[in-house]
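Enquirer: Given the coordinates of chain A, work out where chain B should sit on it, guided by the hints.
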Amino acid sequence: MGKARLAAARTRGAGAPAGAQGGRARPNPNPFEVKVNRQKFPVLGRKARHAVGQPGVSRARAVHKRTQTLLKEYKERDKSNVFTDKRFGEYSSTMSPEEKMMKRFALEQQRQHEKKSIYNLNEDEELTHYGQSLADIEKHNDIVDSDSDTEERGTLSAELTAAHFGGGGGLLHKKTPQQQGEEGEKPRSRRELIEELIAKSKQEKRERQAQREGALELTEKLDQDWKEIQTLLTHRTPKSENRDKKERPKPDAYDMMVRELGFEMKAQPSNRMKSEEELAKEEQERLQQLEAARLRRMRGEDEGSEARKPKHLSADDLNDGFVLDKDDRRLLSYTDGKMSIEEEQSGEASDGESEEEQGEDLSEEDPENSSDPDGHSDLESDMDSEEDCGRPSGEPRQALGEGTTSIGHRAQEAARNQLPYTFAAPESYEELKSLLSGRTREEQLVVVERIQTCNHPSLAVGNKAKLEKLFGFLLEYIGDLATDDPPNLRVIDKLVVQLYNLCQMFPDSASDSIKFVLRDAMHEMEGAIEARGRAAFPGLDVLMYLKIAGMLFPTSDLWHPVVTPALVCMSQLLTKCPVLSLQDVVKGLFVCCVFLDYVSLSRRFIPELVNFLLGILYIASPNKCGRGYTLVHPFRASGKNSELLVVSDEEDKATWQRRGLSLHWAYRLKAQNKTEANHTRLSCLAVCLALVKGCTQFYSSLPSFYAIVRPLRALLMEHLAGRSHPPELQELCQSALANLEEPEPRCRPLVCAKSKPEPLKLFTPRLVKVLEFGRKQGSSKQEQERRRLIHKHKREFKGAVREIRRDNQFLARMQLSETLERDAERKRKVKQLFNSLATQEGPAPSHAEAPPDNQKVCPGNIQ
Amino acid sequence: MERDSGPEGVRRALGRLLEAVLASRGQANAVFDVLAVLQSEDHEETQEAVRACSRLFGALLERGELFVGSLPSEDAVMAGSQGATRKYKVWMRHRYRSCLNRLQELLVHPSFEVKELALSTLMKFVQLEGARPLEKPKWDGYYLFPRQLFKAVVEGLLSPEDDCSLLLARFREYLEHDDIRYHTMQAATDTVGRVTDRHPEVPLTFWNNAFTLLSSVSLPSQERGISSFYVKHGELPRTWKVVHLKEHRKAFQGMWLGFLKHKLPLSLYKKVLVIMHDSILPHLAQPSLMIDFLTRAYDVGGAISLLALNGLFILIHQHNLEYPDFYRKLYGLLDPSVFHVKYRARFFHLADLFLSSSHLPAYLVAAFAKRLSRLALTAPPEALLMVLPFICNLLRRHPACRVLVHRPLGHELDADPYDPEEEDPAKSRALESSLWELQALQQHYHPEVSQAASVINQALSVPEVSIAPLLELTAFEVFERDLKKKGQGSVPLEFIPARGLLGRQDDFCAQHFTLS
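So the sequence lines, in the order shown, correspond to chains A and B.
Sequential numbering of the first sequence, starting at 1, is according to full-length UniProt numbering.
Sequential numbering of the second sequence, starting at 1, is according to full-length UniProt numbering.
Next up, chain A with everything else stripped away, as it sits in the complex (with noise of 0.2 Å):
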């Protein structure tokens, strides 16, 4: 009695916790049915899962679990028929219950028909739902689909109303048969009246979609009159836009409407011509933002790595370099009133911007004249970019300001009259060079452009790939012209004009062919290093590539696809490429120029062009003292070509005019005679001087000028001791001089940025992950889970064996009863017989009596 007391007490102790806890627990458990399992002491952070079990309850659930299943085994144990069910596809989970209909309901149709029916032709099978002839149904309740209605949205009509629902006269009530043949006459009208209702809305219903076709078609018309109507009226709508309304959804009617007025026969204002200052205004805006452009990518501001560059640090920041760079989320917005969901623009490349702009300008002139709808296009666009080309073909010539302007002109103008005026765009390089040659260099050039505007890519489709090919083919030629014997420069020089429009159409494919040829220089040079150690300057062709690059594509970005490589090929020919003649001299020069010209606009340092500089000084100098330089690679300070530009011929000296080098000198130095030889020696050294102090003029704010000229300085200092040199010379050293006299700036130490402070390290807790309590901790992850599989099943196994061992009771516990059970039947009908027995024999004793009394009698009578 005391001990039940006190579990009582205990488990309203423990039994709240564990209410709390689990909630399983039984609001109002019986305190008699409740096992607590006390806990010696508590621990901190242990969920006690089975503190409290309630024996009874789960030893009545596991029985009642076995009676359903254990037991129902048992007693079908001896039983091997088997119910199996047949309906088709009932277990099959791949079948959507529509296809299992259609197919039972096939399978149906096939059962029944046989040999008997085939020839029945007409006899309308009876569509069935739920075992109830559908036709039946129909009958019924054909609910007339209130939400396809869309005049009266939601309202019923009133005969509807009142016919669905009306007067609550239960007229739709769902019928028994028995019912609906009990008052016939009834039902009947009724019927037919909802018959005639269903006619009727259906009926309105097709009328309503007639109009509304025919406003649609009447819609449609108006359009295409209005479109004519709008080509006559202007030009200026853009094409884009009406290719949107074709796409666009056909509105309704009130739109329609709307706009019919809006649009009501207006003429339009189109653009008014611009004036020449703002043409001129415009044109200046463009460069500037192209000059932005260039500037932004001069300075390797690339736009992509700008977005990409996280503006905003947030507090959550984990300082480890995450950063989610792409913001996925759409934004939502409305154009036109229809919902539309744009990407981001996410600090869109200004270059591609500048880009579209020029694409704009382009587009903008373009459907003015190509893209008329009338098929004059051709003609105009052939007339205008004739102009076109020929315009700045005709500038250089006036630039260099030679008197042949006027008889180019002309000679220009009888090619043009001469030439057909298709070609078909060269497949082949061979092509092009049939095309080509034989022809004066004005032909040549009205050749090119006339394939150019036959070709146009706006005329068909195939004309880009053509196009494209003609750069490479051109660049060929070019090649080929520049190693012609002797160089026909003057033709490369008009051609250049037309590269540059070709490239301005397919840049891609452009910079591909000039990578191309770039890269075939590269590799021949590669194996002449490779080989024997160094390489011979490479023919004019090269150079002619490496200068042409330069004028297609910006030379002062950071980084560029065809740019970059071609400075590095210059690095290469002044650093590997020995100078051993005048003429490598020039062609040394010549590259020293493209180099120049590449950085200037960005400035950029080139040590290889002082180097080589810095020889050509050092070649020309007649008294070398050596002190304060020293030369580098393709450079010697002793050897048969240190003293290859040094003059002694005074008189060559005195009669030398500075004049320009001629690029052919480069290819071939044609038989010189002395004079000559001695005097384009000394305008090579014209060349470097001047080309000395233009990269002083560069480099002179760069931190440490002073280190990078000192040896020129020293060899300038040279010259001038020499006093050898003519005074044009003279003073063209001095002049160069002047700016490496300079005094140093003063130099201020070198400081890093400052870096952002590091975080303080935070002593956050290391966190282990806990799978089992105990101790099995403290090993590595893998044996830790190892360990607590082997655990788990360990726990598994017990579980089953006492699970079996439970089924094994239980089952011996049926048996038991079942044979208690048999043997209390036997029992019973034992008794049950001896009782019928008993009764039968009941009223045996009298009878039987009565034989005692016969057998008294009858030993009576024997005795």
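The set of hints was computed from the structure by calculation and includes no laboratory data.
Please note: incorrect hints may appear among the correct ones.
Unchecked claim - Derived coverage of chain A by chain B (criterion: at least 3 residues anywhere in the stretch with Cβ under 8 Å from a Cβ of chain B; other residues may be distant):
no.: 1; region: 452-464
no.: 2; region: 654-667
Said to hold, decoys possible - In silico SDA-like links for lysine to any residue, alpha-carbon gap of 25 Å or less:
no.: 3; chain 1: B; residue 1: Lys484; chain 2: A; residue 2: Asp512
no.: 4; chain 1: B; residue 1: Lys485; chain 2: A; residue 2: Ser509
no.: 5; chain 1: B; residue 1: Lys484; chain 2: A; residue 2: Ser509
no.: 6; chain 1: B; residue 1: Lys486; chain 2: A; residue 2: Glu468
no.: 7; chain 1: A; residue 1: Lys72; chain 2: A; residue 2: Phe810
no.: 8; chain 1: B; residue 1: Lys270; chain 2: A; residue 2: Gly527
no.: 9; chain 1: B; residue 1: Lys486; chain 2: A; residue 2: Asp520
no.: 10; chain 1: B; residue 1: Lys270; chain 2: B; residue 2: Pro324
no.: 11; chain 1: A; residue 1: Lys466; chain 2: B; residue 2: Pro497
no.: 12; chain 1: A; residue 1: Lys756; chain 2: B; residue 2: Arg396
no.: 13; chain 1: A; residue 1: Lys86; chain 2: A; residue 2: Val63
no.: 14; chain 1: B; residue 1: Lys270; chain 2: B; residue 2: Asp162
no.: 15; chain 1: A; residue 1: Lys756; chain 2: B; residue 2: Pro463
no.: 16; chain 1: A; residue 1: Lys624; chain 2: B; residue 2: Gly58
no.: 17; chain 1: A; residue 1: Lys756; chain 2: B; residue 2: Arg402
no.: 18; chain 1: B; residue 1: Lys271; chain 2: A; residue 2: Asp512
no.: 19; chain 1: A; residue 1: Lys281; chain 2: B; residue 2: Pro497
no.: 20; chain 1: B; residue 1: Lys270; chain 2: A; residue 2: Arg636
no.: 21; chain 1: A; residue 1: Lys469; chain 2: B; residue 2: Pro497
no.: 22; chain 1: A; residue 1: Lys75; chain 2: A; residue 2: Ala812
no.: 23; chain 1: A; residue 1: Lys47; chain 2: A; residue 2: Val768
no.: 24; chain 1: A; residue 1: Lys624; chain 2: B; residue 2: Glu422
no.: 25; chain 1: B; residue 1: Lys342; chain 2: A; residue 2: Ser642
no.: 26; chain 1: A; residue 1: Lys653; chain 2: A; residue 2: Cys625
no.: 27; chain 1: A; residue 1: Lys693; chain 2: B; residue 2: Gln443
no.: 28; chain 1: A; residue 1: Lys205; chain 2: A; residue 2: Glu217
no.: 29; chain 1: B; residue 1: Lys271; chain 2: A; residue 2: Gly527
no.: 30; chain 1: B; residue 1: Lys485; chain 2: A; residue 2: Glu468
no.: 31; chain 1: A; residue 1: Lys464; chain 2: B; residue 2: Pro497
no.: 32; chain 1: A; residue 1: Lys469; chain 2: B; residue 2: Leu493
no.: 33; chain 1: A; residue 1: Lys640; chain 2: B; residue 2: Pro336
no.: 34; chain 1: B; residue 1: Lys342; chain 2: A; residue 2: Phe635
no.: 35; chain 1: B; residue 1: Lys261; chain 2: B; residue 2: Leu284
no.: 36; chain 1: A; residue 1: Lys464; chain 2: B; residue 2: Phe495
For clarity, every value in this text was computed on a predicted model and none was experimentally measured.
Even for Gly, the Cβ is constructed at its ideal location relative to N, Cα and C.
Expert: Below, chain B without anything else, positioned relative to chain A:
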């Protein structure tokens, strides 16, 4: 004796003579006919004769029909009263000697086939003589090798007049054998000594031949390797010198030292230094003896000094060599040409090793950093891509040198305090300077270079940048890399339209060049 014309006839005639000599001693005089053909002008006939001699004396050697012992003079024996067999043997031995002399002469024959044949015949005789020595052993188990014969062969190979590189390449096959190698080393040492004594001005061809022979000698690294002998012996007694690797090493060392003590032509210096560190130094008995040669080479200057560095490094590193002023000399080696020579990668690899010690004084490292950055102002981009990380690595290793790029409290200076002319790194005042050169290189035209130079704008990151992959970078690789790089978006274009080949009026090209 009738002689058919043509090599075929000669061969048949020689065959007959050969059979006759070998068949009976009475026909021995036919040897003279064979030897006479050996003198022939015709290459084919000479070859046939060489083959015949090879067969003839090979057979005689095997039969032991040649006189054994020190050879008495022919006349004395003939006149003497010794037995006919002895006379025959001595006589035959004399014929054999004259045959050998002729074969040696043939080693410098203009035709390579003849040379090769003569060489292989001589080597065959070496083998046979080694197996049946023609001299008497001094005691039992005495090691006998036909030294005289072999020395003559080596001498023939090291001709002062002809370039024997092809023949030496053929001879290299024999060098696989340990005994041949051993005796070659000895013979080569002798020959080099004798030739240099004899000629006051040794011709370049001799040096080249000698170097070719010497460089083709490669010792095995383990004692166990010495077992393949050209002359077959039953068992190898341990008392023989030739079976010990130590002796081989001694011979090897003697050979190289004897070779290198002479004043070599510059081209040879380079060749020797290139193979010094991996085929010479490891096999020497006393590698430190090489120090004389290496210091001499180191003092030559230029590329040779760079190459000598490698050997010196091994001596310093593995053999405790004390080299005074090593770093000063290394500092002196830095001139603008280091970026342009062929051995740039090797030099910078070693310089990196030498400067990897963290115990170097800060002034020294600063001087190196400053010197290198000064030189970087004249370097091509591929070298810059290597040297800029190199300099940054120096600064990373030596935090005391970081003042070169970060001097927050420094005053403005009138001029760079660094003295580029000063040879002593301690006096160059590099620590007071800053690396303005790197700042200048941030304006370099190549984007990667300017990026590499811009590293100093920020505080240097802690881990060093490995320069190993950059060492071998060539301009062509840089070029290819630039070509393959893809920019995002389309290619930017020049917006100023081109007017002509020479460009705008103010361009340098247009100013200084004309088309006509």
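Enquirer: Indicate, hint by hint, whether the structure satisfies it.
Expert: To see whether the hints hold, each was checked on the structure:
no.: 1; hint: 452-464; result: violated (count 0)
no.: 2; hint: 654-667; result: holds (count 6)
no.: 3; hint: B:Lys484 <-> A:Asp512; result: 11 Å, holds
no.: 4; hint: B:Lys485 <-> A:Ser509; result: 15 Å, holds
no.: 5; hint: B:Lys484 <-> A:Ser509; result: 14 Å, holds
no.: 6; hint: B:Lys486 <-> A:Glu468; result: 19 Å, holds
no.: 7; hint: A:Lys72 <-> A:Phe810; result: 12 Å, holds
no.: 8; hint: B:Lys270 <-> A:Gly527; result: 24 Å, holds
no.: 9; hint: B:Lys486 <-> A:Asp520; result: 19 Å, holds
no.: 10; hint: B:Lys270 <-> B:Pro324; result: 24 Å, holds
no.: 11; hint: A:Lys466 <-> B:Pro497; result: 23 Å, holds
no.: 12; hint: A:Lys756 <-> B:Arg396; result: 19 Å, holds
no.: 13; hint: A:Lys86 <-> A:Val63; result: 34 Å, violated
no.: 14; hint: B:Lys270 <-> B:Asp162; result: 22 Å, holds
no.: 15; hint: A:Lys756 <-> B:Pro463; result: 18 Å, holds
no.: 16; hint: A:Lys624 <-> B:Gly58; result: 70 Å, violated
no.: 17; hint: A:Lys756 <-> B:Arg402; result: 18 Å, holds
no.: 18; hint: B:Lys271 <-> A:Asp512; result: 44 Å, violated
no.: 19; hint: A:Lys281 <-> B:Pro497; result: 18 Å, holds
no.: 20; hint: B:Lys270 <-> A:Arg636; result: 19 Å, holds
no.: 21; hint: A:Lys469 <-> B:Pro497; result: 21 Å, holds
no.: 22; hint: A:Lys75 <-> A:Ala812; result: 13 Å, holds
no.: 23; hint: A:Lys47 <-> A:Val768; result: 19 Å, holds
no.: 24; hint: A:Lys624 <-> B:Glu422; result: 22 Å, holds
no.: 25; hint: B:Lys342 <-> A:Ser642; result: 22 Å, holds
no.: 26; hint: A:Lys653 <-> A:Cys625; result: 23 Å, holds
no.: 27; hint: A:Lys693 <-> B:Gln443; result: 19 Å, holds
no.: 28; hint: A:Lys205 <-> A:Glu217; result: 18 Å, holds
no.: 29; hint: B:Lys271 <-> A:Gly527; result: 23 Å, holds
no.: 30; hint: B:Lys485 <-> A:Glu468; result: 21 Å, holds
no.: 31; hint: A:Lys464 <-> B:Pro497; result: 21 Å, holds
no.: 32; hint: A:Lys469 <-> B:Leu493; result: 19 Å, holds
no.: 33; hint: A:Lys640 <-> B:Pro336; result: 22 Å, holds
no.: 34; hint: B:Lys342 <-> A:Phe635; result: 16 Å, holds
no.: 35; hint: B:Lys261 <-> B:Leu284; result: 15 Å, holds
no.: 36; hint: A:Lys464 <-> B:Phe495; result: 21 Å, holds
Hints 1, 13, 16, 18 from the list above are not met by this structure, while the remaining hints are.
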